[in-house]
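Asks: Spelled out, the chains give:
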Amino acid sequence: MNARAWLSRSGSGLGLLFGYAWLAGLVPALPLALWLGGVVGQWPGGERTLAEPGGVMLLEVLRSSTRELAVTARAWPAWLALVSLAAIVPQGALIAQLASRERASLLDAVARSVRCAPPLLAVSAAHLLARVVAAAVFAFFAASATVMARSRLGELAVVAAVAALGGLGACALRLVADAAAARVLAADRRAGPALLDALDRCSWRAFAQVVAAAALGVVTWALALYLAHVVGSETGAQALVGAALRLLSLGALVVARAIQLTVAARVAV
Amino acid sequence: MAHRRGAAVAELVAAGAMTALAVTWASAGVGAGGHAGATSTLTEPPPVAMPSWEPYRPPGPLGAALDRDDAMPTTAASVHRTRLSAKLDEARHVIVGREALTWTNPARVPVRELYLHLYLNAFKNERTAFLRSRLGDGRGSKMPRDWGYTDLTTVTLVDGAGGVDLRGAIARHSPGDPEDETDLRLELPSEVAPGATIELSLTFESKLPDVVERTGWVGGFHMVAQWFPKVARVRPDGSSNHFAFHRLSEFDADFGDYDVTIDVPDGYVVAATGKRVSERRAGGRFEARYVQQNVHDFAFTAWAGAVEARARVGDVELHLVAPPHHEAVLERTRASVAAGLACYGRRFGRYPYETLAVVHPPRDAEEAGGMEYPTLITTGGASLAFDAVRFVEALTVHELGHQWFYGLLATDEHHEPFLDEGLNSWAEQGCLREIGGDASALGLPGLSVSVDAMHRLGALSGGRDDAIARGSADFATASHYGRLVYSRTAALLSSLAGAYGDDVVERAIGRYARGHRFGHPDARHLLAALDEVGGPALAEAAKIGLFERGWIDLAIVDVGTAPRRSPHGVFDREGGRETVKTTDATGEHDAWVVVARRGTLELPVDIELGFVDGTRRRVRWSGRGPWVRMSQTAASPLAWAVVDPDHRIALDERLDNNARRLAAAPAPLRALERLTHLGATAALFALP
Chain A
340 MNARAWLSRS GSGLGLLFGY AWLAGLVPAL PLALWLGGVV GQWPGGERTL AEPGGVMLLE
400 VLRSSTRELA VTARAWPAWL ALVSLAAIVP QGALIAQLAS RERASLLDAV ARSVRCAPPL
460 LAVSAAHLLA RVVAAAVFAF FAASATVMAR SRLGELAVVA AVAALGGLGA CALRLVADAA
520 AARVLAADRR AGPALLDALD RCSWRAFAQV VAAAALGVVT WALALYLAHV VGSETGAQAL
580 VGAALRLLSL GALVVARAIQ LTVAARVAV
Chain B
400 MAHRRGAAVA ELVAAGAMTA LAVTWASAGV GAGGHAGATS TLTEPPPVAM PSWEPYRPPG
460 PLGAALDRDD AMPTTAASVH RTRLSAKLDE ARHVIVGREA LTWTNPARVP VRELYLHLYL
520 NAFKNERTAF LRSRLGDGRG SKMPRDWGYT DLTTVTLVDG AGGVDLRGAI ARHSPGDPED
580 ETDLRLELPS EVAPGATIEL SLTFESKLPD VVERTGWVGG FHMVAQWFPK VARVRPDGSS
640 NHFAFHRLSE FDADFGDYDV TIDVPDGYVV AATGKRVSER RAGGRFEARY VQQNVHDFAF
700 TAWAGAVEAR ARVGDVELHL VAPPHHEAVL ERTRASVAAG LACYGRRFGR YPYETLAVVH
760 PPRDAEEAGG MEYPTLITTG GASLAFDAVR FVEALTVHEL GHQWFYGLLA TDEHHEPFLD
820 EGLNSWAEQG CLREIGGDAS ALGLPGLSVS VDAMHRLGAL SGGRDDAIAR GSADFATASH
880 YGRLVYSRTA ALLSSLAGAY GDDVVERAIG RYARGHRFGH PDARHLLAAL DEVGGPALAE
940 AAKIGLFERG WIDLAIVDVG TAPRRSPHGV FDREGGRETV KTTDATGEHD AWVVVARRGT
1000 LELPVDIELG FVDGTRRRVR WSGRGPWVRM SQTAASPLAW AVVDPDHRIA LDERLDNNAR
1060 RLAAAPAPLR ALERLTHLGA TAALFALP
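Just so you know, the protein sequences line up as chains A and B, in that order.
Going by the numbering used here, the final residue of the first sequence carries number 608, and the count climbs one at a time with no gaps.
Going by the numbering used here, the final residue of the second sequence carries number 1087, and the count climbs one at a time with no gaps.
To be clear, the hints were calculated from the coordinates, so they are not data collected in a lab.
Treat the hints loosely; a few may be bogus.
Negatives, chain A to chain B, calculated, CB over 12 Å [to be verified]:
1) V476
2) A503
3) G531
Examples of chain B residues lying across from chain A (beta carbon under 10 Å, computed) [as the list claims (entries may be wrong)]:
4) I569
5) A838
6) L846
7) D851
8) S860
9) R863
10) T876
11) T1075
12) L1077
We treat Cβ as the ideally placed atom computed from N, Cα and C, and that holds for glycine.
Bound-form chain A, shown alone:
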């Protein structure tokens, strides 16, 4: 399937996922934006002031928003769990479009996703749990590993290896969960059999594709954010360009995510 056909088949689902991620992101972003605006809004550099060397303004924002940040931080795990679980609908719709033999309308795809919500929720919860457990185990070993380093270079190597291993582990978990979701949607499987099917069907090739998509997404995301930082926000035009670049960075991530889902759908069907 070429890019045009892929976009034509899944564009609406892609848009839904983008919209969902953006709206979900706005929930914690809105109060933070207000607090930030109160502190750095009148400085000539705007938000760029936060990144100035030495971090005086960054710490000033933290100091003046301690109470608000504490409330946000307390709400963060609940928000994270909620948006991860609620994401089964837009993500399921996109997978349904990608896994279907015929072109599926967004409405049909959403309907299918809603119908399969219970097993999709179970898969999503299992994925979340696996990520939390894996992160805890990984953090424990990572903390020990850095102490073992015998030189600065060695320490850097350990940190790089730890980051790479963590990223690869996350990709592997994600591929299995996505493929299981695709099995649920394409073959009406329940969560348990779908996960076992997914484990059977995943290949090294698919894993490599998922990793490549993640790397592409992260690099594009970082690049767009950096460009937005360079552009600045002193004038209206700069602010508009910056906003566009940041939305583009999110778009890059959503596209990367969609590529991963495509790989998973191929594996599953």
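Starting from the structure of chain A, add chain B where the hints point.
Replies: Quick look at chain B alone, frame taken from chain A:
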């Protein structure tokens, strides 16, 4: 005057002044929620002594010669020679000790009594002043699981006739505190004339607690500090600076010469104050002798299973000790010490000793870390020793700095803790900047945080709840002590340097450090040095900041810009009255800004204006009045104004009111930009 103040505070503490200031009342049936018969106690701190200027001017200026090392003292007036032997019973965690003390009266008057500090008695039971003063947070807040104490077994005044037993002449408790035994009065059989010498012989057993604060044991690690009977410093007026050991307090002692023999099981790593002059192994034991002149304390570690490294930095031999697998941390520590020795040496006079021991305690003995003794420091942290987080560097450089601000400038840590912890916190910023630049605390791509900014955060989080210049036992909480003594002093001195010039404050404190090396300076000496180099305004600002809870908030309260036009209206001119109805633009623009200074600190500050055409102008304001109006004419409209654009006034309480934009992006666009910024980041987590 400061001596008198110190003495007064010491006596107040000794006499239970905190309880004298306490109000106890029975709140029987007082309103809703009152419990009949309940007793409450209100404790208020004693007032902070306000220095009047003239009495705080010590005799004679320090002089410009002290901007260099040549003129600084090279040796201390040695008050005592202390020979110690310490045998570690590793199974009981006990030091069996013998002390031969030759003490010379440094006062101008005869002395009839000495005070002995037995600091380990702070950990004897939960009624000691130390453990009663556990204040809920920070280091030293936990109760020991294994008690610590010092038992004095003999105290003998050595004379030609075989000695006088003084066990009966020594008090059993700290003065005014029958529950504490850290500060004992020793009545001498006869007066000791000024300059006269006596010899005391003491034997003792010191039981180490499990590591609580600074000292103790964990497994095979023993941090042996404050372990022998120490004579309290005797002031020129003959009074002793003695005090019950409080949790937030550190120490004060006279300079002397130490000769210490340490006996430990063979295989233990030993690091100690001073230079190791001999060692021998016999009968499964290891014995090392350490000698050091011109110091006021002696500490050592005896540690089974540690790794050690030696290095030379200039004339100084480093002895680094750490847990296994900490080689990378040791290397970072070594590099930090090397940079710190050069930096502190250049700024405050060269390091005068031949050795420096650095002990990095094991993970479960963190409370022994982050401490200073003469020629020995303890560091810590770094189980996650990423380069980006410069905790190892910050802690190492801080403790190293105490070799100057505590070691060489032997200030009264109990009554004036800001003179060691505060000055050192300010000084460390400069040295850490040399190591890590703007990322002296944290350095990630696109994000750097300096130790200066961290101190500002601490200083302002503590607010102005209390004065900086309090005795350590008089702070409300450990958090107040930390924020005010460490961070607010650092931020105050940074602000003074920002206002009056880095070189001015550097030179003043450099002159103070060199001039009072091997001495016991107090606040008046510091203020006098600031006055001598920077003038009375600088010294006055320091005094307000230290003693009077000084504060400052700079704010732009009005700003505007308008095209300049020829005037119109009704004008009475020589030819008669003329009414000008239309005006012509001159092509220039007027700009104005009003800056307010709130608070009690008056500090010179920069005001910067930015114009639409990209030009900038900077003007210096003396900061004297409550506000200043600045008017400018420029070729372009004003775009923004900022007071203190370089964040030179670290104590400025709010930064959100320091800037005002006129020609910025419209508010809705700025809001959109911010929302996309944060929303795009938060959305990362929303992607399943």
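Asks: Each hint needs a verdict: does it hold in this structure or not?
Replies: Results for each hint:
1. V476: Nearest chain B Cβ is 16 Å from V476/A, so the label holds.
2. A503: holds, 16 Å
3. G531: holds, 20 Å
4. I569: With a minimum Cβ separation of about 48 Å from chain A (threshold 10 Å), the hint on I569/B is violated.
5. A838: Check passed: Cβ of A838/B comes within 8 Å of chain A, closer than 10 Å.
6. L846: holds, 6 Å
7. D851: holds, 7 Å
8. S860: Holds - the Cβ of S860/B comes within 10 Å of chain A, reaching about 6 Å at its closest.
9. R863: Constraint on R863/B not satisfied, violated at 15 Å.
10. T876: violated, 17 Å
11. T1075: holds, 4 Å
12. L1077: OK, holds: L1077/B within 10 Å of chain A, min 4 Å.
Comparing the model with each earlier hint shows violations of hints 4, 9, 10; every other hint is respected.
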